[in-house]
Each structure stands twice: as C-alpha cells, then as structure tokens.
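Q: Chains as they are written, first to last, in the working numbering: chain R, 425 to 723; chain E, 20 to 599.
By construction, these hints were calculated from the structure, which means they are not laboratory data.
Be careful, since some hints might not be right.
Okay, the calculated bits of chain R under chain E, using three or more residues with CB under 8 Å as the criterion [said to hold, decoys possible]:
#, segment
1, 593 to 604
2, 609 to 617
3, 640 to 651
4, 659 to 669
Just so we're clear, the structure is a prediction, and the values are computed from it rather than from any experiment.
Quick reminder that beta carbons are idealized off the backbone N, C-alpha and C, glycines included.
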Amino acid sequence: MPKTPPQLDWPEPERFRELRRDARAAAGHLRLCLQQRNWRGAIGNWSGAGTGSSIDFQDHRPYLPGDDPRYIDWAAYARSGSYIMKLYREEVSPAIDLILDLSRSMTWEPVKRDRLFGLAAFCLESAAALGARPRMSGISGGKVHMFDPALLAGNAWPVPEFAPVEGPPRLEALPLQSGALRILISDLLYDQAPADLVRHLSTGKGRVALLAPFLQQEAEPDWRGNLELIDCETGVSRRQRVDPALLANYRQAYDRHFDQWREACRRYNARFARVPCEPSLVDSLGLDAFQKGVVEAWA
Amino acid sequence: MGLSFANPAALWALLGLPAVLLIHFLQVKARPREISTLFLLDMLPEESRRGAVLTRLRNSAQLWCHLLAVLLLTLLLSQPRWTRPESVQSIVIVLDDTANMAAFREETLTQTRSEMRRLSGAAARSEWRIMTSDPGAPHLYSGEDLSAALAALDAHRPLLGLHDPAPALARARELAGPEGLVLWVTAHPPEAPPAGAEVLGIGAPADNAGFTGLRVERNPEGGHDWVASLLHRGEGEVTRHLQVQIDEQPPRAPSPVTLPPGKVVTLRGELPGGSRRGVLRLDSDRLEIDDVMPFVVPQPKILTYSLNELSEAQREWPERVMAVAPHVRPAAADAPAGLVWRAFSGDDPHAEDNGIFFYAGEERGTPGTVIAEDHPLVRDLSWGPFLGFTHPGFTTRPGDRVLVWSGDTPLVVLREGAGRRQLILLFRPERGNAERLPAVLLTLHRFLERLREAQVQYEARAFDARERLHLAVPAGAGELRIRHTPLQGEPREFTHPPGAPLYAPETPGFLEITRGDTPLLDAAIQFTDTAATDLSQADSQALPERVRLEQQERNSHAEMLTPLWFALLLLALLGGWLWK
C-alpha cells in the first residue's frame, strides 16, 4: 500500500536568504554560458538569430523597397552600381525557461532541496547579470506552477499550491518560450526514457541545459544488511538484504542511468551537468557544470 | 596424549551452532530507509518478502564468523587439557557393605560405573581397587583394566549391619597413596565427607517394611509360639503378606498383614508340637534381607547346680540367686553338678570343682574403697556402693584374677584353670548390702552364663548374621562338620577346626554343627539390624565435579594455544560485526 506523499517541502525564509546570498556570490564568479549560439528575443546584449543593429556584420543582400537606406553599403554601390544592403546581426535579450523539478525526490532531502533552490537562485542572478529574461516554473508530474517574476526578487518564494506528484515531469503541460534557453534542474531520478524529455525540451528551437543535483548518498549508498527501502515519492517499499554484490549492481545501474541521460543530451545537443549537493554552490558549479559548458567564468 | 576437557559441560555451547544457523535462517528485521532511487533496484531480484519468518541461508562471511566464534568459544569454555602420557592415577572405590545398599543395587552399579568411566579419562592409566567397607572382605578388583573393574562391581553383595566404615576408608587411603582418590559409595552420605575420601551418594528415601526380630517362647499350654516383630518405615499404611513354613512342611497360604507407619507390630503364631525350625517370609519389597526370618525352637544348654555343700542357713541366698538365673536347675542326686555352691571360713576354699565359693568365717578386715577391675564379669557394673568387710587372709594363687578390690584387699576373685572355673566371694553375703546390690547378682549371673557356655552340650538357638559363635568343644575332639542351609541357594557343608574362631554366616538361614555323630548346635541365622534396613534417610549425592577436575589437573597440562584461540575468537567476533 503506497504511502501518501507528504506536502511539498519548502525552505524557510531565513534559509532562502542564505541561498540567495550564496547564489549571488557564485554569480559573481560564474555565469550561465550564452556565448555559443544566436538567441531570439527582445532587444538586448546578445547576438540574435536575425539581423539587427549591432556592429557585427552579418551579410549582404540586394536592396528592397522599404529597407532602411542607412544600411545601404555605398562602397558596394560604387563597385557594382547596385544598391546592396549591408546587414548587421541583431542583439537580443535571450529568453530563459528555468524549470524546477519539484518532485519529492528533489525536496525531501534538505541538502538536495537547498541545492535545487541554490541553483535556481544562481540562474536567476546570472540571468539578471547577463540581461536575459528568465521565466521560472516548477513542475511535479503534470502539476505546473509558474512563479511570478515580481516575487522572485524577494527572499520568500511562493510555495506552489500542489502536493508533489510521483512520476517524471510531464513537460507537455509546461509552456515553453520559443528559442529560449531551457534549464531543467532535476535529479533525473525517474524511470523514463531520457530522450523523450530532452527532445521535448529542445522543441521550438530551444537550447537545453540540464543541471542534475545529486547526493553522494545516492551515488555511493551506505546501505548494509536487511533494509526496507521506501520510495520517497510513491511510498512503495521493498525489502532488500543489501550486501556488497547488490551494492555493486546498484552502482552499475546508477551509472548506466546517467549514461543514458548523457547520451540523450549528446544526441539533442543539450548540455548536461551533474551538480553535487554536498560542496558549496560555487564549488559544485565549478566541477561538471563548468567542464560541460553549462556555466562559464566571467571574462 | 589424550584430549580431555576440564569443563565438559561447556560442550553444550556447541548448541550455539544450530542456534546461529537458525538465527541466520530467520528474517532479520528490516530497517526502514527512505530513498529516491528505488526504481534502480527494480531490475534486481527482491531478496525477501515481508512477513516471512525464515529465509534462505546466506553463505556470508558473517555466518562463518559467527560459527567460528561459537566453536572457539566452546573450545575456550571447555578448557581443553592434554593428558600426560606417563600419568597414572590410583582410585580406590569403597562400597558400603551395609545391607541397605542392596535396595539400591542398580543405582550403585549404574552411578559407580558412570563415575568410573568419567574418572578414567583423567589420566593415561588408572589403577583401580574396588573394596567394600567390610575390612575383612577380599578386594573385589585390583588392576588397571577398566572393563574388568566395572564388571567386578557385580560381585558386591552388601549384607552387613550398621558398621563404621572408618577402618576400611583408612585402609583405602593408604592404598590410594597421597595423590590417589578414595571414593566412598554409600546410600547414606554423611554431611561431611570422611577424611581423605570423596562421597558418592546413590540412595533415595524409600519405604521399607520387614522383620525386626523373632523369638520362640513357651505358651501356657506347654507348646511353643513364635513371636515376630515387624516394622514399617514409610508413609501410610501398607499391607504385606506373611507366609509361614515349619520344618519341611509345605508353606502355609500367605495371610495379609497390615502395618501402620512407624510402629512395631508383633505377630504371634503357634508351632505344632515337635517343631524344630521354621521360616517366616514377607512378600518381597525393595530390600529383601529383612523380609525373611528363620528360627529354631530354642533348646538352651542347662547348667546344673548343687547346694548340698551348704548349710540350711547358708542356702537361702544362693537359692534366691539361682531362682532368677536362666537355664539352670538343681542337679539330680546321683549326677554330678555343673556348679557347686560352697561356703568357706579358712583362708582359701581349696576346692577343685566349678563353683561359687563365698566366705562364711569371721570378719576381720577393714572396709576400704571398692574398685572393680576391667573384666567381662564385672565390666560396667557398679561395685562402688558395696558395704561390707572382706577377708584379709586370702592369698591369691598364680592364675587367680582379682575382679573386685576392697582397698588393697581382694573382694571377688576368679580362679580358672585345670578344667575348673571358680568365683570366690571374700565377703559374707548375709552381711552388708551384698544381697541387695545389683552388681553382685549380675556378676554371679555372668559367671553362671560363662559356665553354661563352656559346657559341652547340644544347643538350639538363633544367632545374628556374622555373630561370633562360642562353641564348647571337648579338648582333643576332631573337626567340626558344619552344614549351612541358606534360605536362598543350595546347602553347603564344610569342616572347621575346633579351636578356630567360628562366625555365623552372612545370609539368613540355618546352621547345623556336629562332631562325629554328636550334634552340637542347631542355629537359625537371622538379620535383625533394624538400623541397617532403614531406607528413610537414604540420600543421593553426586560426586563433585571438582574431584574429576583435580584428578585431571594432576595428570594433564592445559592447552598451549589458548591465547591463539582467544585472539581468533576476538577476530571472529570483530569480523562478524564488520561483515554485516
């Protein structure tokens, strides 16, 4: 008989303040990596996918009626006698969809929950510093909560009004911005084909980055003896005598599970980084997330 | 070197092996643990199901550590010792020969053999001596063969009355030597073990009913009655069946006898005229020796006496003495008397026949302190209150034995030798308090009894088992022919030199002694020691384990590798804790 999952665990305001402080400190050293492609969005500081008014030359094309005569390349007209338009890359403010996995596996362990909100705060701080336009949502199964951007500046983020739902996040219930950087912060601990989720995230010319917080306890559990293992989301229990052989098998299954996520991300050109929960935020971001290009250092 | 254990009871700890296996078979109580990666285990087989008591045994290091720990713990607790190959132990087993041991014969054999087997392992070689508490009995076994020693116990036939085992135990102590063990096997273990001996008590309180005695007496009709006394020691009333057999006649039909607890019941029955002997039998109980009572119609020796040498006035006192003396009668006028009473007034009676001679002359001496010598005729008699004068003129002859002194003057003298026995009273009986002093009368009766016993004459009477038989045999007579008819078993005949001591047999039955064609004695041999048939105080007492340990310690050395086993035990415990 599965247990009824408890209500959503949420940090206390004081803890939020500490997490925000750590996130600001981390954002002073690192930032989200937006350099690798052209973005869509409102006018901003990052090269967009279309033409604009930046100083970066992009292309030439024949003049068409209605074009702004200021961008006629007069030198080219002198050489060819035709009106040639000189096109510059547009500069946009990238859209960011920050998606928090609010399943209970993410919020049940305080350390992991802190890392979830710490990463979210970092992304928000970094986006603000980069001039991007973040939009944050929380999802648990098919339940979605869109956070009010006006309230995210405060130290007490509003608690979504739903209980955690078992199962993987159903992203089809989530409105995604076209061409946005889609950052999913999730432990990815659900039995679902990774490709489905990554593919869905990457639809609409989205750019995908997965930040997967993990506990050392999950990677190298210290289980021993006869245990009644209880799923933190479903409450389903399983009696298991844990010996070294079973632990070895578990570690293989755990590694294989994240190998499948890496493979799915590689296939869909998504960035994938695992973020340990135990070190400080800046240290944990400096590991896999830095190496995989999800974050980068300020120049 | 043989392996033995100082604490073999610790081998019970081996039961820990199946206990450990059972524990490992049991489902360990699962500790709840909330995790987020349960789905990763779905591809692995579930190891156990909720609610199952037993599960399959896992070949785990922890299991082997636990089993090894049990083995090592057992080894350490049992304290293994290696018997020295040159070790020899001397064990002397003294079996109580009191008749009540027969009631616990099976217990005696079983427990003694068990202890012997246990003790035999305490040394490389064991010297066994098995003897009884009867100091005169031969040893049942002496040697090193345990099987033969165990078999020799079968020969133990306890038949003695209550007796002191101290001489036998002292002899056993000597035989065992300073390092040896003396084991006293008895149904009545003392509160404190005898010095130098260990006690194995094999008894248990039990009821017992049996004969305590039997006499044959004349009835008013001139015939004889048997009068038997029975005693039941136990709880509640008991009904037994009594069977009487007279001479060679068929036994009479058993008749029920109800015996109340703790009280002596007297039964009486008339004997047919001309009966010589008979047997009373109770149906058997735990102890059989007191369930039979043989008897003979008594025919005592008769001592004849003569007062003819006395004046009428002098006869008064001797007549009173002889009137109350048993088995005496006046001699016929034409027959010689076995005893002659005389009075004398000179310094010495100067007579050559058996007799009692008392002084009838003038009293000249001075009364002094009266002291009796240590002699059977006056032993334990109080001559001190004697008041009277002695005869100071009497001079003792060689061979005379002064029995009582008055100051430094003889008062009573025994003169024996040359086929005569004379008791010389150096006082005037009618004076002083001699006629009223019990010591005087008892001394005279003892003397009469001595004369009667020494008389060569046919006699029929009962004896206790193993009682010394004082048989009067004429000097120069040939060998005695003895026929012993036990109540169980075949009669036995043998000869006996006349001068040698003669004892009644150990077992109840009949004894006939003849010399040539002349019968001398018909006797019934009875067992009447009631103290020896009392089973109510019997008790058991196990041989202390300390005894075996001491023997073992004396003949062995401890296991050298104990520290190693201890270290291994710690490692096994540590391993069992680590390899969960």
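Q: Hint by hint, say whether it matches the structure.
A: Okay, the hints, checked on the actual structure:
no. : hint       : result
1   : 593 to 604 : violated (count 0)
2   : 609 to 617 : holds (count 4)
3   : 640 to 651 : holds (count 7)
4   : 659 to 669 : holds (count 7)
This entry does not satisfy hint 1, going by the numbered hints stated previously; all others are met.
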